[in-house]
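Protein chains in written order, with our numbering: chain A, 3 to 158; chain B, 3 to 158; chain C, 4 to 84; chain D, 4 to 84.
In case anyone wonders, no lab produced these hints; they're calculated from the structure.
Heads up, a few of these hints could be off.
Label-pair restraints from in silico Cβ distances [as the list claims (entries may be wrong)]:
| hint | chain 1 | residue 1 | chain 2 | residue 2 | range |
| --- | --- | --- | --- | --- | --- |
| 1 | D | D38 | B | E74 | 29 to 37 Å |
| 2 | D | S66 | B | D125 | 20 to 28 Å |
| 3 | B | E94 | A | G138 | 52 to 60 Å |
| 4 | C | M4 | A | H108 | 50 to 58 Å |
| 5 | B | E7 | D | E61 | 24 to 32 Å |
| 6 | D | D71 | B | F118 | 35 to 43 Å |
| 7 | B | A22 | D | S66 | 41 to 49 Å |
| 8 | A | S69 | C | R49 | 29 to 37 Å |
| 9 | A | G23 | B | P136 | 32 to 40 Å |
| 10 | B | E74 | C | R51 | 48 to 56 Å |
Covered stretches of chain D (in silico footprint by chain B; criterion: 3 or more residues with CB under 8 Å from a CB of chain B, positions within the stretch not fixed) [stated by the list, open to error]:
| hint | region |
| --- | --- |
| 11 | 40-47 |
| 12 | 50-61 |
| 13 | 78-84 |
Some but not every residue of chain B turned toward chain A, in silico, with C-beta under 8 Å [stated by the list, open to error]:
| hint | residue |
| --- | --- |
| 14 | I36 |
| 15 | T42 |
| 16 | G96 |
| 17 | F113 |
| 18 | F140 |
Just so you know, even glycine gets a beta-carbon here, dropped at the ideal spot from N, CA and C.
The primary structure of each chain is shown beneath.
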Amino acid sequence: MTGVETRIYVAVGEQPLDMAGIAARVAHPGAGSIATFAGTVRDNHAGKPVAYLEYEAYGPMASRTLSRIAEEAATTWELLGVAVEHRVGRLEIGETSVGLAIASAHRGESFAALRFMIDELKDRVPIWKRETGPDGSFWIEGPELIKAAPADNDPS
Amino acid sequence: MTGVETRIYVAVGEQPLDMAGIAARVAHPGAGSIATFAGTVRDNHAGKPVAYLEYEAYGPMASRTLSRIAEEAATTWELLGVAVEHRVGRLEIGETSVGLAIASAHRGESFAALRFMIDELKDRVPIWKRETGPDGSFWIEGPELIKAAPADNDPS
Amino acid sequence: MQVRVRLFARAREAYGRPDDVLDLSAPATPADCYDLLAGRSPALSRLRPSLLVAVNEEYAAWSDALRDGDEVAFIPPVSGG
Amino acid sequence: MQVRVRLFARAREAYGRPDDVLDLSAPATPADCYDLLAGRSPALSRLRPSLLVAVNEEYAAWSDALRDGDEVAFIPPVSGG
Numbered sequence: 003m004t005g006v007e008t009r010i011y012v013a014v015g016e017q018p019l020d021m022a023g024i025a026a027r028v029a030h031p032g033a034g035s036i037a038t039f040a041g042t043v044r045d046n047h048a049g050k051p052v053a054y055l056e057y058e059a060y061g062p063m064a065s066r067t068l069s070r071i072a073e074e075a076a077t078t079w080e081l082l083g084v085a086v087e088h089r090v091g092r093l094e095i096g097e098t099s100v101g102l103a104i105a106s107a108h109r110g111e112s113f114a115a116l117r118f119m120i121d122e123l124k125d126r127v128p129i130w131k132r133e134t135g136p137d138g139s140f141w142i143e144g145p146e147l148i149k150a151a152p153a154d155n156d157p158s
Numbered sequence: 003m004t005g006v007e008t009r010i011y012v013a014v015g016e017q018p019l020d021m022a023g024i025a026a027r028v029a030h031p032g033a034g035s036i037a038t039f040a041g042t043v044r045d046n047h048a049g050k051p052v053a054y055l056e057y058e059a060y061g062p063m064a065s066r067t068l069s070r071i072a073e074e075a076a077t078t079w080e081l082l083g084v085a086v087e088h089r090v091g092r093l094e095i096g097e098t099s100v101g102l103a104i105a106s107a108h109r110g111e112s113f114a115a116l117r118f119m120i121d122e123l124k125d126r127v128p129i130w131k132r133e134t135g136p137d138g139s140f141w142i143e144g145p146e147l148i149k150a151a152p153a154d155n156d157p158s
Numbered sequence: 004m005q006v007r008v009r010l011f012a013r014a015r016e017a018y019g020r021p022d023d024v025l026d027l028s029a030p031a032t033p034a035d036c037y038d039l040l041a042g043r044s045p046a047l048s049r050l051r052p053s054l055l056v057a058v059n060e061e062y063a064a065w066s067d068a069l070r071d072g073d074e075v076a077f078i079p080p081v082s083g084g
Numbered sequence: 004m005q006v007r008v009r010l011f012a013r014a015r016e017a018y019g020r021p022d023d024v025l026d027l028s029a030p031a032t033p034a035d036c037y038d039l040l041a042g043r044s045p046a047l048s049r050l051r052p053s054l055l056v057a058v059n060e061e062y063a064a065w066s067d068a069l070r071d072g073d074e075v076a077f078i079p080p081v082s083g084g
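Turn these sequences into a full structure, and let the hints steer you where they fit.
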């Protein structure tokens, strides 16, 4: 446990992400560093064009796991604020799927915590993405692309 | 040299920094990761309260050195866009003194390049800060605080 | 005892629906739930090696003891971010 | 030959002004410029160990040969960011 109170904000939802708003959540008069990461939808994957992505979450468990990851980061580094939002539903090229912002007195902490949190998020948080391009739709499972059903209108 | 064309934007000036605008400069349809760093004015330093900071730059050399650092990053990692702005003049608590944004296909590149660029900036770019608090004004030279003249109205 | 099961992503697609309610005789485990579902869906049964399981929104073991009213989720390899 | 000198931060404060123009006889180096300025300002002369020098906006050596019209800058430890 570090001696700093860390403000933590977590959200999973369908609304477009606003990185400035996410960063604003961690503003603090003692902060000398605010590091952010935005995961954005690329127009290609494994050398093939991508038309759009669909993200699906186990919502309550995703939020709970994100909160736990934020708390782990706050226990490891002296952080003043952590904000993380993940979007679900259909996302177009260039849109932001995940946004993180971390504030700390010195940059070392926010950089290390940012890296930790996005790595843990990708490893543990129950969220899935399905990629659609000219060859159809695919579930992304690590390095693998797995053919998905042609139409899937029930990402719960 | 990597196979990717990197868009580079560099600025040094007195206007307040807009992190959303800086991040927007690196947007790219091939980007999967946008990492940003904002250096913000802390209300304390070395355990003492800070009232405000004044930044002074050797403007043309600062811009030139920032451009060179960005080019070094673009030679080392596959980056799609790099934007960096440094503010000069008087900054209040919470204001942003430096903003960086880096876009790449994958997050590893933008994280590594972000860290490299801020470390190099702090090491090489001819910009200086003077801190004012209840005990007067101090030039910050690495870990040292050096008493400055009581009034300094000519930061050229 | 009754448990709610939830399926996501490829597991949901394989089973053909996102959730179900199962009546089980105690003692029961997530593995028992899965066997019931897989018996109804060969596509789902093939996914077993890649699935993790969660009970009440926490990762759990396939052999954990379930209680009446638990929510059991089958979790394909995650790909958020 | 004539060179423009520029001083920043603590060096500027010590010298009392941000720039100056020096007339030097060739060959001349940044060290020669500095000695001239330091002779006018004891406060500046004490900073020598911590200063770097730039010629025409590039870091340079104190012993580099200057040319007419060069701009020589004295650079205290930087603290940007």
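Against the structure, the hints:
no., hint, verdict
1, D/D38 x B/E74: 29 to 37 Å, "holds, 34 Å"
2, D/S66 x B/D125: 20 to 28 Å, "holds, 23 Å"
3, B/E94 x A/G138: 52 to 60 Å, "holds, 54 Å"
4, C/M4 x A/H108: 50 to 58 Å, "holds, 53 Å"
5, B/E7 x D/E61: 24 to 32 Å, "holds, 26 Å"
6, D/D71 x B/F118: 35 to 43 Å, "holds, 38 Å"
7, B/A22 x D/S66: 41 to 49 Å, "holds, 47 Å"
8, A/S69 x C/R49: 29 to 37 Å, "holds, 34 Å"
9, A/G23 x B/P136: 32 to 40 Å, "holds, 35 Å"
10, B/E74 x C/R51: 48 to 56 Å, "holds, 49 Å"
11, 40-47, "violated (count 0)"
12, 50-61, "holds (count 4)"
13, 78-84, "holds (count 7)"
14, I36, "holds, 4 Å"
15, T42, "holds, 5 Å"
16, G96, "holds, 6 Å"
17, F113, "holds, 6 Å"
18, F140, "violated, 16 Å"
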